[in-house]
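*Asks:* This is what each chain is made of:
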Amino acid sequence: MNPMARPEQTAIAAVSPPAGGAVAADRGNVLELGGAAVRVGGATLWSGVDLAVGAGEFVAVLGPNGVGKTTLLKVLLGLLPVAEGQVRVLGEPAGRANSRIGYLPQRRSFDASSRIRGTDVVRLGLDGDRWGIPLPFGRRSRDAARRVNEVIGLVGASGYAGRPIGECSGGEQQRLLIAQALIRRPQLLLLDEPLDSLDLPNQAAAAALISRICAVEGVTVVMVAHDVNPILAHLDRVVYIAAGGAAAGTPAEVVTSETLTRLYQTPVEVLRTSAGHLVVVGQPEAPAVHADRHAAGGAP
Amino acid sequence: MNPVFSWNLLADFRHMWAFPFMVNAFRAGVVVAVVAGLMGWFMVLRRQSFAGHTLAVAAFPGAAGATLIGISAAYGYFAFCGAAAVIIAAATRGRRSAGGLAAESALTGTVQALALACGLLFVALYKGFLNGTTALLFGSFLGITAGQVAVLAAAGAAVLAVLAVIGRPLLFASVDPDVAAARGVPVRLLSAAFLVLLGAAVAETAQITGALLVFALLVMPAATAQRLTARPLASVVLTVIIGWAVTWAGLIAAYYSPYPIGFYVTSFAFAVYLAAHIAATARYRRRRHVTLAAVPA
Chain A
0 MNPMARPEQT AIAAVSPPAG GAVAADRGNV LELGGAAVRV GGATLWSGVD LAVGAGEFVA
60 VLGPNGVGKT TLLKVLLGLL PVAEGQVRVL GEPAGRANSR IGYLPQRRSF DASSRIRGTD
120 VVRLGLDGDR WGIPLPFGRR SRDAARRVNE VIGLVGASGY AGRPIGECSG GEQQRLLIAQ
180 ALIRRPQLLL LDEPLDSLDL PNQAAAAALI SRICAVEGVT VVMVAHDVNP ILAHLDRVVY
240 IAAGGAAAGT PAEVVTSETL TRLYQTPVEV LRTSAGHLVV VGQPEAPAVH ADRHAAGGAP
Chain B
0 MNPVFSWNLL ADFRHMWAFP FMVNAFRAGV VVAVVAGLMG WFMVLRRQSF AGHTLAVAAF
60 PGAAGATLIG ISAAYGYFAF CGAAAVIIAA ATRGRRSAGG LAAESALTGT VQALALACGL
120 LFVALYKGFL NGTTALLFGS FLGITAGQVA VLAAAGAAVL AVLAVIGRPL LFASVDPDVA
180 AARGVPVRLL SAAFLVLLGA AVAETAQITG ALLVFALLVM PAATAQRLTA RPLASVVLTV
240 IIGWAVTWAG LIAAYYSPYP IGFYVTSFAF AVYLAAHIAA TARYRRRRHV TLAAVPA
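Going line by line, the protein sequences match chains A and B.
At position 84 of the first sequence (counting the first as 1) the number is 83 in numbering that gives the first Met the number 0, and the numbers step up by one without a gap.
At position 143 of the second sequence (counting the first as 1) the number is 142 in numbering that gives the first Met the number 0, and the numbers step up by one without a gap.
Here chain A stands alone, though its shape is the one from the complex (with noise of 0.2 Å):
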């Protein structure tokens, strides 16, 4: 009983046209995968991915824990080679644009005795890679303070930036560093489940604010995210991966059984609430995918 297993790596093309055509496709893929893989520890967690990503587009990346959404965005920034394939991040080799791309790793938050501002943090964001010591006065220190209110006025932090981060709550949290990823005005933005560790109605807060960001100020979003419905009205495009493959497309052409079924190899069902939600039922959780990919070439 190992749903997940299979003689090799299956490889599913995922190759779509924006959503609707309607997003800047003139304006040059922000992204672009081709025929990528990734390897882990000699095992392959995820083969074949081609992958166009416009300018503007808000993306999710859906799948089960550990089938490889992570390291998706790792790759993306250079931090892991893929093992074949091509990976193109605006116009560059991966890596090479860092500097315009904001990164929002995952973490559950800050610890409750971190003695240190929001603002602080959200600066860190601004020149916290150069080195020497800022000089608290002076033209740049002015034009650095402005930025860091602007982009804290942007995603509403006001109230609580000047508080020691540890004691802000984890939707506060995370807005400060939704602030901290956007201060440089990148074009990218690579958030890793940043709804998780939220409570439902800072969830739906918290995807409103990075759907307006990528509309108001024209940033191509990439979120890894386990549950697309607090997303699911703003996105116009998913990514979906689970165990070696991944399929594209907006969401009302990959969250649907027959893609779901393909891409886990057992039959799983996607249901619409009458909220308009998306629930996906049979689909193997976490265990099974792990298990496998470490026993990957030895699964009967």
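Since the hints were made in silico from the structure, they are not lab data.
Note that the Cβ used here is the ideal one computed from N, Cα and C, for glycine as well.
Please note: incorrect hints may appear among the correct ones.
To be verified - Just some of the chain A residues that point at chain B, by a computed CB distance under 8 Å:
#, residue
1, R114
2, D119
3, G131
4, P133
5, Q179
6, T255
Given the coordinates of chain A, work out where chain B should sit on it, guided by the hints.
*Replies:* Here is chain B on its own, set in the frame of chain A:
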């Protein structure tokens, strides 16, 4: 003969500074307070107080070993503190994960236990060294020369120059390592570099303050300042001021009384920490109370 404290600080300082050894002690105190304070600020922020304590303890066998084989104690300080820093740095790769932190803490403790054991052995081998042991652990503030102060100041300036260069990325890597790494900050390298720098700072200051007092000056001013404010610049300045003030206050108290300076510096620092803790707790309670009151019933 015994000098009496007059509460007229100007007169007291004029009296104490009539003696060159006291002038040297006050000067050394400034250098030690500033260097230990600034290094300690990062140490406390990075939650590496245990590593800092271990480096301080490593100063003891370093000095005892150097005395045993008849070389300058300075070599022993730098050799042992440096070696301990390198060992802990090698083990901190991949810290942040809970398992990494547990492994780091266990290894740091192991290094500390071994350092103490080595110190004990060296003291036992060097018979008649017992007076020296007290100086190694609790310092010899009052016995230093103008030349030692100059060397101390030069070494302190070198440590602070390196810290000034790596300070901002080190802060980024300490607060937010994942994002810092994605931005190209060499997080692991900085982590190792910081420990080695901390080892050097400890080796240098412990020659004056002793192995135990150096840790007090590393941890207490920084912990107090960070309790009082979350503004980085303000808490760095506050750290230096507190370190400076308790060191000088300790020197004055030790001069006018028969008790050791290490006790005074540490007790004053503890008193300031306690006061800061009470003040910060009261402020937090009051703010929460105000916030709750602002919510309409």
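*Asks:* Checking against the hints above, which ones are violated?
*Replies:* Hint 6 alone not satisfied by this model.
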